[in-house]
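**Q** Once you've looked at the hints, dock chain S against the given chain W.
Top to bottom, those sequences are chains W and S.
Note that full-length UniProt numbering numbers the first sequence so that position 351 is 351, with each residue one more than the last.
Note that full-length UniProt numbering numbers the second sequence so that position 36 is 36, with each residue one more than the last.
Keep in mind that the hints were calculated from the coordinates and are not lab data.
No experiment lies behind these values; they were computed from the predicted model shown.
Don't take each hint at face value.
[As the list claims (entries may be wrong)] Taking lysine-lysine and the BS3-like style, the derived pairs with C-alpha atoms no more than 25 Å apart in a straight line are:
| hint | chain 1 | residue 1 | chain 2 | residue 2 |
| --- | --- | --- | --- | --- |
| 1 | S | Lys-330 | S | Lys-263 |
| 2 | W | Lys-408 | S | Lys-208 |
| 3 | S | Lys-203 | S | Lys-44 |
| 4 | W | Lys-207 | S | Lys-47 |
| 5 | W | Lys-408 | W | Lys-85 |
| 6 | W | Lys-166 | W | Lys-376 |
| 7 | W | Lys-365 | W | Lys-380 |
| 8 | W | Lys-207 | W | Lys-376 |
| 9 | S | Lys-44 | W | Lys-207 |
| 10 | S | Lys-262 | S | Lys-333 |
| 11 | S | Lys-262 | W | Lys-408 |
| 12 | W | Lys-166 | W | Lys-365 |
[Said to hold, decoys possible] Okay, the calculated bits of chain S under chain W, using three or more residues with CB under 8 Å as the criterion:
| hint | segment |
| --- | --- |
| 13 | 83-96 |
| 14 | 103-114 |
| 15 | 249-258 |
The C-beta atom is built at its ideal place from N, Cα and C for all residues, glycine as well.
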Amino acid sequence: MASEHPRANLPTLSLHVPEPKFRPGDAVDFAAVGIPPAGEARRPDTAAHPGDFTDLAYTLVRVLDDDGHAVGPWNPRLSPDMLRKMLRNMALLRAFDERMFRAQRQGKTSFYMKALGEEAVAVAATHALDPDDMCFPSYRQQGILITRGYPLVEMMNQIYSNRGDKLQGKQLPIMYSARDHGFFSISGNLTTQYPQAVGWAMASAAKGDTRIAATWCGEGSTAEGDFHSACTFAAVYRAPVILNIVNNQWAISSFSGFAGAESTTFAARAVGYGIAGLRVDGNDALAVYAATLWAAERARTNQGPTLIEHFTYRAEGHSTSDDPTQYRSAGEPNAWPLGDPVRRLKDHLIGLREWDEDRHAAQDKELADLVKAEQKEAEKNGILGHGLHQPLDTLFDGVFEEMPWHLKEQRAQMLAEETASGRPWDRK
Amino acid sequence: MNMIQAINSALDVMMARDPDVIVMGEDVGYFGGVFRATAGLQEKHGKTRVFDTPITECGIIGVAVGMGAYGLRPVPEIQFADYIYPALDQLVSEAARLRYRSAGEFISPITVRSPFGGGIFGGQTHSQSPEGIFTHISGVKTVIPSTPYDAKGLLIAAIEDNDPTIFFEPKRIYNGPFDGYWDKPSQNWSKHPAGEVPTGYYKVDLGKAAVVRAGEAVTILCYGTMVHVCIATCAELGVDAEIVDLRTLVPLDIETIEASVKKTGRCLIVHEATRTSGFGAELSALVQERCFYHLEAPIERVTGFDTPYPHSLEWAYFPGPVRIGEALKKIMKDA
Numbered sequence: 001m002a003s004e005h006p007r008a009n010l011p012t013l014s015l016h017v018p019e020p021k022f023r024p025g026d027a028v029d030f031a032a033v034g035i036p037p038a039g040e041a042r043r044p045d046t047a048a049h050p051g052d053f054t055d056l057a058y059t060l061v062r063v064l065d066d067d068g069h070a071v072g073p074w075n076p077r078l079s080p081d082m083l084r085k086m087l088r089n090m091a092l093l094r095a096f097d098e099r100m101f102r103a104q105r106q107g108k109t110s111f112y113m114k115a116l117g118e119e120a121v122a123v124a125a126t127h128a129l130d131p132d133d134m135c136f137p138s139y140r141q142q143g144i145l146i147t148r149g150y151p152l153v154e155m156m157n158q159i160y161s162n163r164g165d166k167l168q169g170k171q172l173p174i175m176y177s178a179r180d181h182g183f184f185s186i187s188g189n190l191t192t193q194y195p196q197a198v199g200w201a202m203a204s205a206a207k208g209d210t211r212i213a214a215t216w217c218g219e220g221s222t223a224e225g226d227f228h229s230a231c232t233f234a235a236v237y238r239a240p241v242i243l244n245i246v247n248n249q250w251a252i253s254s255f256s257g258f259a260g261a262e263s264t265t266f267a268a269r270a271v272g273y274g275i276a277g278l279r280v281d282g283n284d285a286l287a288v289y290a291a292t293l294w295a296a297e298r299a300r301t302n303q304g305p306t307l308i309e310h311f312t313y314r315a316e317g318h319s320t321s322d323d324p325t326q327y328r329s330a331g332e333p334n335a336w337p338l339g340d341p342v343r344r345l346k347d348h349l350i351g352l353r354e355w356d357e358d359r360h361a362a363q364d365k366e367l368a369d370l371v372k373a374e375q376k377e378a379e380k381n382g383i384l385g386h387g388l389h390q391p392l393d394t395l396f397d398g399v400f401e402e403m404p405w406h407l408k409e410q411r412a413q414m415l416a417e418e419t420a421s422g423r424p425w426d427r428k
Numbered sequence: 001m002n003m004i005q006a007i008n009s010a011l012d013v014m015m016a017r018d019p020d021v022i023v024m025g026e027d028v029g030y031f032g033g034v035f036r037a038t039a040g041l042q043e044k045h046g047k048t049r050v051f052d053t054p055i056t057e058c059g060i061i062g063v064a065v066g067m068g069a070y071g072l073r074p075v076p077e078i079q080f081a082d083y084i085y086p087a088l089d090q091l092v093s094e095a096a097r098l099r100y101r102s103a104g105e106f107i108s109p110i111t112v113r114s115p116f117g118g119g120i121f122g123g124q125t126h127s128q129s130p131e132g133i134f135t136h137i138s139g140v141k142t143v144i145p146s147t148p149y150d151a152k153g154l155l156i157a158a159i160e161d162n163d164p165t166i167f168f169e170p171k172r173i174y175n176g177p178f179d180g181y182w183d184k185p186s187q188n189w190s191k192h193p194a195g196e197v198p199t200g201y202y203k204v205d206l207g208k209a210a211v212v213r214a215g216e217a218v219t220i221l222c223y224g225t226m227v228h229v230c231i232a233t234c235a236e237l238g239v240d241a242e243i244v245d246l247r248t249l250v251p252l253d254i255e256t257i258e259a260s261v262k263k264t265g266r267c268l269i270v271h272e273a274t275r276t277s278g279f280g281a282e283l284s285a286l287v288q289e290r291c292f293y294h295l296e297a298p299i300e301r302v303t304g305f306d307t308p309y310p311h312s313l314e315w316a317y318f319p320g321p322v323r324i325g326e327a328l329k330k331i332m333k334d335a
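So here's chain W without its partners, still in its complex pose (with noise of 0.2 Å):
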């Protein structure tokens, strides 16, 4: 309760509770967001003291101009075979995740998280990493799956929970688990997966191993008290490791000014942590490469972790269960100032005269096919809610290396309760 005897001397108090700038129905105008030209930031050493880094906290690292050319210090130079690469896998991304949303609406899974408009923060990253590095990603980095190889029609059996799931329909869709593929499993529980990459760098470190660590979380995960602790660790062990946030604008419904955009910007947490911070333009698979890169070597070479933001913006919805028209403008996708992720790698490679109208179109085709071919494929293994896919007692199956007598005796109790009520779950 408010005080009985307020000081007439003294302006009352108010609470500030932070406003996105545009709801549904507003016009959009994002020219505040303020964007820097590309080729500007500068590129620091690799092994530069984690107090150099302040102004490049408050920038952003971009390499592809408006024309589509790459300019500055942090232009990769990467080949036009590479390039067309990353092109590719950020494009299969995308017809991937447009198919598998599509099948979620129509029933086939429960759920789905497209990373539309987010292609180039996982798919240029992982190009940069070698393919031993561990990724600890959150649910919207499938491109690093994508990008290093993984089956299709595993990540397909994964989100119809079928007979082919590897993860024997114990987890929601698209919380993959793929270790020999560097990709350490998915929690629901978010920023949890902080620390623990900070952990298996740390231990990477203590092992005399070579590889490193790279861990992503959303920017409105970054509240969460794993990321203080995990970002603390990388600091005082100099872990091997690189923290990304990927700054997409949007938590489910709350704007990144919730999470404390409004006042700061996330990159600028590392300063206060010491840890190198480096500000990238997201939709720039350029910048995120050199960066990511950049981040590569520092951490190879002991100079300890890289915290990096990539301002970017989420232009689906948080998932198929969301509608974000209910919280903001709709118009926001295609004013994003910093544009579509595929579109400005394919305008780079074309301005190369490496790529063109002709073979983009041609190549969106062949993807569109590969991704409804894998699709076939992995529904023979069938479809979540079309029967069990997994024989019933596999529900007890990995809680403990070993089955202890209690998780025997529910096991034999559903066994027998299930065969006396006559139920078909043979059904398949």
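**A** Same frame as chain W, but now just chain S:
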């Protein structure tokens, strides 16, 4: 050895045997731990295997989970069990589920050591017994030793186990067994047979209870400090109780419990933790389900009260000989 030395010895033995075992936590490195459990380990095994951490329990456990995923066998310490709560998300949502959710691709072979329990004037935040929180979680094992011999053998078994284990060390009996008579001089492990601890490697299997006193009249299920309080109380009252030290709460040694209660027909459950939804409730339910037709009296529970752990009223709260004695008299009334 006292229990601290036994735990120190277990860590030393395992670090020497397995280069993947690492010890981490607040003050565990150079200083050797606020209870001295890790004394000398950093000097012997090096700073990259025994190290101090920032004061962040969620960080300590989160980092340990990542190290476990890499292939190490971390033994993180949480300074007091009362401070394990910031790490609950990492323990419950991550360590406990990692094997299940990844269908065995990743595991979490971590052993979380933490001093627990009361009887030391620790007040609200240096006395708690939160084992019931962890026994409720699928995928973690919960172990509580009551002697130096068991502490070393169980800790070695926990470190070798590929599942995450919560290892609660009753700090009241670090230096000697405690019979609940707080106003008498404290005892020392050197005069207790379980203070005889081999210096080398040995294991006490997880999931196996110990019958520390065979008897015919009543079964007492207990663990940690309470084992010694129960032994002393029964001796004092001349009750021919069968005292079962559970040692591992999950997985529980149900065979030993069942055989004992079917023999005695009576059951008393004793723990320091608060009563409601405490582990005693699970024990009582299991005994009732499995030994119903053998029971000759209602199952009794002597536990901490459903209050935060008090400071000045500690000995009113602590399940000591008086409270245990009254419960035994009640159970044995019609015998």
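**Q** In ascending order, which of the hints set out earlier in this document are inconsistent with the structure?
**A** Checked against the structure, the hints that fail are numbers 5, 8 and 12, while the rest are satisfied.
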